[in-house]
Amino acid sequence: MNAISWNDVVWARDIPILLGSFFVLTAAIGVLRFPDLYTRLHASSKLVTLGSVGMMVGAYFAFAEVDVLARITAIIFFQFLTNPVSGYMIARSAYLRGLPPVLESSERDEWQALGSVHLAHHNSQETLHVQKSGSD
Amino acid sequence: MILTLAIGILTLSIILVVYRVLRGPSWGDRIMAFDFLSVNIVALIVLVSVKYRLEVLLDAALVLSLLGFLGTISLARHLLFGRVMK
Numbered sequence: 000m001n002a003i004s005w006n007d008v009v010w011a012r013d014i015p016i017l018l019g020s021f022f023v024l025t026a027a028i029g030v031l032r033f034p035d036l037y038t039r040l041h042a043s044s045k046l047v048t049l050g051s052v053g054m055m056v057g058a059y060f061a062f063a064e065v066d067v068l069a070r071i072t073a074i075i076f077f078q079f080l081t082n083p084v085s086g087y088m089i090a091r092s093a094y095l096r097g098l099p100p101v102l103e104s105s106e107r108d109e110w111q112a113l114g115s116v117h118l119a120h121h122n123s124q125e126t127l128h129v130q131k132s133g134s135d
Numbered sequence: 000m001i002l003t004l005a006i007g008i009l010t011l012s013i014i015l016v017v018y019r020v021l022r023g024p025s026w027g028d029r030i031m032a033f034d035f036l037s038v039n040i041v042a043l044i045v046l047v048s049v050k051y052r053l054e055v056l057l058d059a060a061l062v063l064s065l066l067g068f069l070g071t072i073s074l075a076r077h078l079l080f081g082r083v084m085k
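Protein chains in written order, with numbering that gives the first Met the number 0: chain A, 0 to 135; chain B, 0 to 85.
The hints are simulated quantities; they were obtained by calculation from the structure and are not laboratory data. Positions of the beta carbon are idealized from the N, C-alpha and C atoms, including for glycine. Some clues are possibly wrong.
[Stated by the list, open to error] Per the computed footprint, the stretches of chain A lying under chain B, defined by three or more beta-carbons under 8 Å from a beta-carbon of chain B, are:
# : stretch
1 : 9-22
2 : 25-38
3 : 42-49
4 : 56-66
5 : 72-82
6 : 91-99
[Said to hold, decoys possible] Some chain B residues judged to face chain A by a derived CB distance under 8 Å, without partners named:
#  : residue
7  : 10
8  : 18
9  : 59
10 : 79
11 : 83
[Stated by the list, open to error] Computed spacing ranges between beta-carbons, pair by pair:
#  : chain 1 : residue 1 : chain 2 : residue 2 : range
12 : B       : 65        : A       : 14        : 22 to 30 Å
13 : B       : 47        : A       : 84        : 37 to 45 Å
14 : B       : 84        : A       : 14        : 40 to 48 Å
15 : A       : 10        : B       : 51        : 30 to 38 Å
16 : B       : 24        : A       : 9         : 30 to 38 Å
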């Protein structure tokens with residue numbers, strides 16, 4: 000068991016990686032401990048995006064080459080593009096399927112009228128599986 | 000040293016979230032945990048490529064991030080409509 004030799008620590012590589020791993024661990028604890036799907040999504044999508052992007056910034060400083068910069072920039076761009084969309088899609092699907100928020104302290108439900116309008120629209124086009132499964 | 004610590008923390012968080020995949024109360028929880036796992040595995044591949052100096056793994060991380068997004072969107076649409084496409 001060696002002591003940590005601080006000369007081996009590359010600070011520009013290790014500080015973003017350490018911050019990112021802290022955020023990812025916090026997100027995992029939040030996913031385990033929060034009482035509701037929507038609060039778990041709040042922990043999952045935001046914190047995991049920030050943590051993984053921090054790790055990739057640290058990975059760029061570890062390599063410090065141009066082609067690695069191109070790939071890591073592409074990964075960061077797609078993470079920022081796709082993670083909010085996937086979180087929004089999961090929350091929208093669960094809400095339109097009728098999963099209620101568990102917390103009693105959640106006062107405002109801004110999708111209460113909008114969700115019924117969406118469901119009526121889907122019902123008129125017969126895109127819901129529940130109605131479609133009986134006909135054919 | 001800190002790279003090994005970060006890989007251990009990522010593995011610990013993946014193990015913690017697999018519990019949420021196995022017994023989430025609803026299917027939305029399972030899809031959310033699957034999305035968490037896909038993003039975490041991308042970060043884990045990037046850290047392994049830094050540790051072992053393999054730049055080739057970054058291409059795999061790029062492809063896997065897009066595939067994870069596609070799988071999450073497909074599962075969410077399947078949760079909502081009962082099928083993926085028209």
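Quiz prompt | Hints violated by the structure (listed by number, smallest first) | solution = Violated hints: 7, 9, 11, 13, 15, 16; rest satisfied.
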